[in-house]
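Chemist: One-letter residues, chain by chain:
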Amino acid sequence: MTIPNKKLFALCLVVLALLFMAQFVLSNYLVLALTRILILAIFAMGYNMLMGYTGLLSLGHAMFFAAGLYAAGLANYYGGVSLPIAFVIGILGGGVLAFVIGLLALRTQTVSFMIVTLMFAQVAYLLTLYFSNVTGGDQGLTLPTASRSFSLFGLAVDLTSPMVRFNIALTLFAVVLIGLFAVTQGPLGRLFVAVRENINRTEMLGFDTYRIRLLAFTISGAISGLAGALYGLMFGFIGSSFAEFRSSIEVLLFTLVGGPGTLLGPLVGTGVMTMLIDRLSGMTSAYLIVVGVLLIVINLWFPKGILGTIRDRWVPWLK
Amino acid sequence: MAEVILLKTRGLKRHFGGLKAVDGVDFTLRKGEIRAIIGPNGAGKSTFVSLLSGRIPPSEGTVEFDGQDVTALPAHRRVRLGIAYTFQITNIYPSMSVLENVAVAAQSRLRPSFLRKGASETEIEDAARAALAAVGLDDRLDEVAGVLAYGHQRLLEVAMGLALEPKLLILDEPTQGLSDSEIANFIEVVKRVAQSSTVLLIEHNMHVVMSLADRITVLERGRLLAEGSPAEIMNDKAVQAAYLGEPA
Numbered sequence: 001m002t003i004p005n006k007k008l009f010a011l012c013l014v015v016l017a018l019l020f021m022a023q024f025v026l027s028n029y030l031v032l033a034l035t036r037i038l039i040l041a042i043f044a045m046g047y048n049m050l051m052g053y054t055g056l057l058s059l060g061h062a063m064f065f066a067a068g069l070y071a072a073g074l075a076n077y078y079g080g081v082s083l084p085i086a087f088v089i090g091i092l093g094g095g096v097l098a099f100v101i102g103l104l105a106l107r108t109q110t111v112s113f114m115i116v117t118l119m120f121a122q123v124a125y126l127l128t129l130y131f132s133n134v135t136g137g138d139q140g141l142t143l144p145t146a147s148r149s150f151s152l153f154g155l156a157v158d159l160t161s162p163m164v165r166f167n168i169a170l171t172l173f174a175v176v177l178i179g180l181f182a183v184t185q186g187p188l189g190r191l192f193v194a195v196r197e198n199i200n201r202t203e204m205l206g207f208d209t210y211r212i213r214l215l216a217f218t219i220s221g222a223i224s225g226l227a228g229a230l231y232g233l234m235f236g237f238i239g240s241s242f243a244e245f246r247s248s249i250e251v252l253l254f255t256l257v258g259g260p261g262t263l264l265g266p267l268v269g270t271g272v273m274t275m276l277i278d279r280l281s282g283m284t285s286a287y288l289i290v291v292g293v294l295l296i297v298i299n300l301w302f303p304k305g306i307l308g309t310i311r312d313r314w315v316p317w318l319k
Numbered sequence: 001m002a003e004v005i006l007l008k009t010r011g012l013k014r015h016f017g018g019l020k021a022v023d024g025v026d027f028t029l030r031k032g033e034i035r036a037i038i039g040p041n042g043a044g045k046s047t048f049v050s051l052l053s054g055r056i057p058p059s060e061g062t063v064e065f066d067g068q069d070v071t072a073l074p075a076h077r078r079v080r081l082g083i084a085y086t087f088q089i090t091n092i093y094p095s096m097s098v099l100e101n102v103a104v105a106a107q108s109r110l111r112p113s114f115l116r117k118g119a120s121e122t123e124i125e126d127a128a129r130a131a132l133a134a135v136g137l138d139d140r141l142d143e144v145a146g147v148l149a150y151g152h153q154r155l156l157e158v159a160m161g162l163a164l165e166p167k168l169l170i171l172d173e174p175t176q177g178l179s180d181s182e183i184a185n186f187i188e189v190v191k192r193v194a195q196s197s198t199v200l201l202i203e204h205n206m207h208v209v210m211s212l213a214d215r216i217t218v219l220e221r222g223r224l225l226a227e228g229s230p231a232e233i234m235n236d237k238a239v240q241a242a243y244l245g246e247p248a
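Chains as they are written, first to last, in the UniProt record's numbering: chain E, 1 to 319; chain H, 1 to 248.
Check the hints yourself; a few may be wrong.
Covered stretches of chain E (chain H as the covering partner; in silico rule of three or more C-beta atoms under 8 Å from a C-beta of chain H) [stated by the list, open to error]: (1) 59–69; (2) 206–216; (3) 305–314.
The following residues of chain H were derived to be distant from chain E, with all beta-carbon distances above 10 Å [as the list claims (entries may be wrong)]: (4) V4; (5) S53; (6) S95; (7) R109; (8) P112; (9) M160; (10) E220; (11) A226; (12) M234.
When the alpha-carbon atoms are kept at most 30 Å apart in a straight line, the in silico DSSO-like pairs for lysine-lysine are as follows [as the list claims (entries may be wrong)]: (13) K6/E to K167/H; (14) K304/E to K6/E; (15) K7/E to K117/H; (16) K167/H to K8/H; (17) K191/H to K20/H; (18) K237/H to K8/H.
Simulated from the structure, these hints should not be mistaken for lab results.
Each residue gets a CB set at the ideal place from its N, CA and C atoms; glycine is no exception.
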C-alpha cells in the first residue's frame, strides 16, 4: 500500500512529535490549555471533514459534540459503565445521531441546510434543559470520583494527572489525524472534494452524491461525538452549555481561521483562537465582540484561512 | 448482420407546464453509429438528451438502454450502465487539476463503490492519463482546470466522458464557442472515440454534423420531423421548411 501525499504525511508526523515534546517544556498551565486545544481540535477536524472537504456548512455541530458528551457521561453516571466503554458509546452516539439527522437534513442544500442543522441543534439543546432531572441541565453533572481513574489492559490510568490527560488527548488526536489523512487524501477524499466543487458533475459521473454526503456527515458526527465524549470523561463534567449554539459557531470559527479543507488547519485554528479567547476574556468580558470582528475580517480577506492561504500561495500539497 | 439496438425510446414526453418540450418521440439508436440530432432553437434537443441521461424525469414514455428499461433509474445509475453525458455549458471542477478532474471519472468506472476496495490510485490515475492523451491534453495534467482556455475545457469535458468508457457518449453542442482549428481537432477526437463507443451528438455546426454523422435525426417543436442519412436529410423538403420557413 502506497501512501499518497507523502509530504503532508511527514508534516503530520513532525507535528505529532512536536506536540509530544511540548509536555516536557511547557508549564502545567499550558499543558492543560494544550490538552483542551487538542480535544477541541479533534472536534474541529470532524467539522472540517464536512465543511472543509465536502463543502457542507452545518450550524448544528454542537449537537454531535453534546451527543458524545451525554451518551458517554450518562452511561457512566447512571449505568456505571467503565470509562473506555462509555467513550465508545459516546462515539456511537455522535455517529448514529449524525446518520439519522443527515438522512433528513441532506435533502436540503446551502442556506436551507444551515437552517435545518441549526434547528435540530436547538431542539437538542432545549431537550438537555427540558430533561434536566436526568441531564442536570445547565448546572450539569459531575462524574463520581470513582470515574476519575480506570484500568485498561491491566494499566492503571489516573485522570487527575495533567500529564496523563495530555497524553490521552494527544493519542486520540493522533489516531483521528492519521485516520482523516487516510480518508481525505485517497479515493474517498477525492469524492468529497468532487461533491464540494461541483455536485451536479459528480452525479453525472455516476456517483450517488446523497450517499457520499451522508457518509461525510456521519463520519463528521462520529468524530465530533468522540471529542465530546473525551471532553466529558476527561474533565469529569457534562453540562448543557456544550450543546449551545456558541459551540457550533466556535467550531466553525476554528475551522475558518485554520483553513477549511486543510488537514492541519483545525489544529492551527483551534490553537490560535482558544489562546486568543483566553487572553481576551482575561482583559474584557466583551471578548465575543473581538471574535465577531475577527470572523468578519477572515471572511472578507482570508476566506481560505491561515493554512488555506499558505497552500494557495506557496505549498500546494498542504490540503 | 443483425443490427444491435443500443437505445430505444417509446412515446417519450416532457412537458413544462403548457410547453411540450418533448412531445412523444420514438427514437432508436444502433450500436456503433454516430448520430447527430439537429433542429431549430427550441426544438427540444437538449431536453430530449437530458431525458436519455436521466437528468430530468419524463412526463410520459419509456427509455430502454442495452435491453433494459432505465426510465425509472436516476442519472448516476444510468452513467454506471454506460450512458455518459457532457454538458452544453462547460461543467468541470474548476479548482482541481486537469488530472484530478478526469480521475474522478476514472474512479467511477474502476472503483464504483466508495466503501469497498477497488482499483488502486495508480490504476485510476493511469486511466485518467490515457483519457487525457486521447484528447491531446496530456501535456497539461497539473494545470488548474479553471484557468484552461475555453477550447481546452471543452476537451477536458470530453476526456471525463471518455474515462468512463461509456457505451453511449452524449455530446450536447460540443463545438459551441470553439475556433475553426479547435473544431478540426475535435472532429478527429470524436472519430477516434466512435471506434469504441456509440456517439449521440447535438450540434448546430453543419460542417461538424456532415463530417461526423452516419445518420441524422431532426427534431422540431418536440417531435421527430425526419431521420435519415446526411444526404437524405439535406434534400428533405420538410426539413428545409423547418429551417427556412414554409414556402409561400
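Chemist: Does each hint fit the structure? Answer for all of them.
Modeler: Status of each hint after checking the structure:
1. Look at the stretch 59–69 of chain E against chain H: 0 of its residues bring a Cβ nearer than 8 Å to a Cβ of that chain, fewer than three, so the hint is violated.
2. Remark: the stretch 206–216 of chain E is confirmed as covered by chain H, as 7 of its residues place a Cβ nearer than 8 Å to a Cβ of that chain, reaching the required three.
3. Check on the stretch 305–314 of chain E: 0 of its residues sit with their Cβ under 8 Å from a Cβ of chain H, so the three-residue criterion for coverage is violated.
4. Listed as a non-interface residue, V4/H keeps its Cβ farther than 10 Å from every Cβ of chain E; the least gap is roughly 23 Å.
5. Remark: the non-interface label on S53/H conflicts with the geometry, its nearest Cβ contact in chain E lying 7 Å away (cut-off 10 Å).
6. At roughly 6 Å, the least C-beta separation between S95/H and chain E is not larger than 10 Å, which violates its mark as non-interface.
7. Interface exclusion of R109/H from chain E breaks down, the closest Cβ pair being 8 Å apart, not more than 10 Å.
8. Distance check on P112/H: its Cβ comes as close as 7 Å (rounded) to a Cβ of chain E, failing to clear the 10 Å threshold; non-interface status is violated.
9. Against chain E, the non-interface label of M160/H is violated: not every CB pair exceeds 10 Å, the least being about 7 Å.
10. Once the 10 Å rule is applied to beta carbons, E220/H is consistent with being away from chain E; the minimum gap is 27 Å.
11. With a least beta-carbon separation of about 30 Å from chain E, A226/H lies farther than 10 Å from that chain, consistent with its non-interface assignment.
12. The Cβ of M234/H sits about 33 Å from the closest Cβ of chain E, beyond the 10 Å cut-off, so the non-interface label holds.
13. Only pairs whose Cα atoms come within 30 Å are accepted, and K6/E paired with K167/H is rejected, the gap being roughly 37 Å.
14. For the hint pairing K304/E with K6/E, the CA-to-CA distance comes to about 23 Å; that is within 30 Å, so the pair holds.
15. A threshold of 30 Å between alpha carbons decides the hint, and for K7/E with K117/H the separation of about 24 Å falls inside it, so the pair holds.
16. Of the supplied pair hints, the one linking K167/H and K8/H holds, its CA atoms being roughly 14 Å apart against a limit of 30 Å.
17. For the hint pairing K191/H with K20/H, the CA-to-CA distance comes to about 34 Å; that exceeds 30 Å, so the pair is violated.
18. At roughly 26 Å between alpha-carbon atoms, K237/H and K8/H fall within 30 Å of each other, so this suggested pair holds.
Hints 1, 3, 5, 6, 7, 8, 9, 13, 17 from the list above are not met by this structure, while the remaining hints are.
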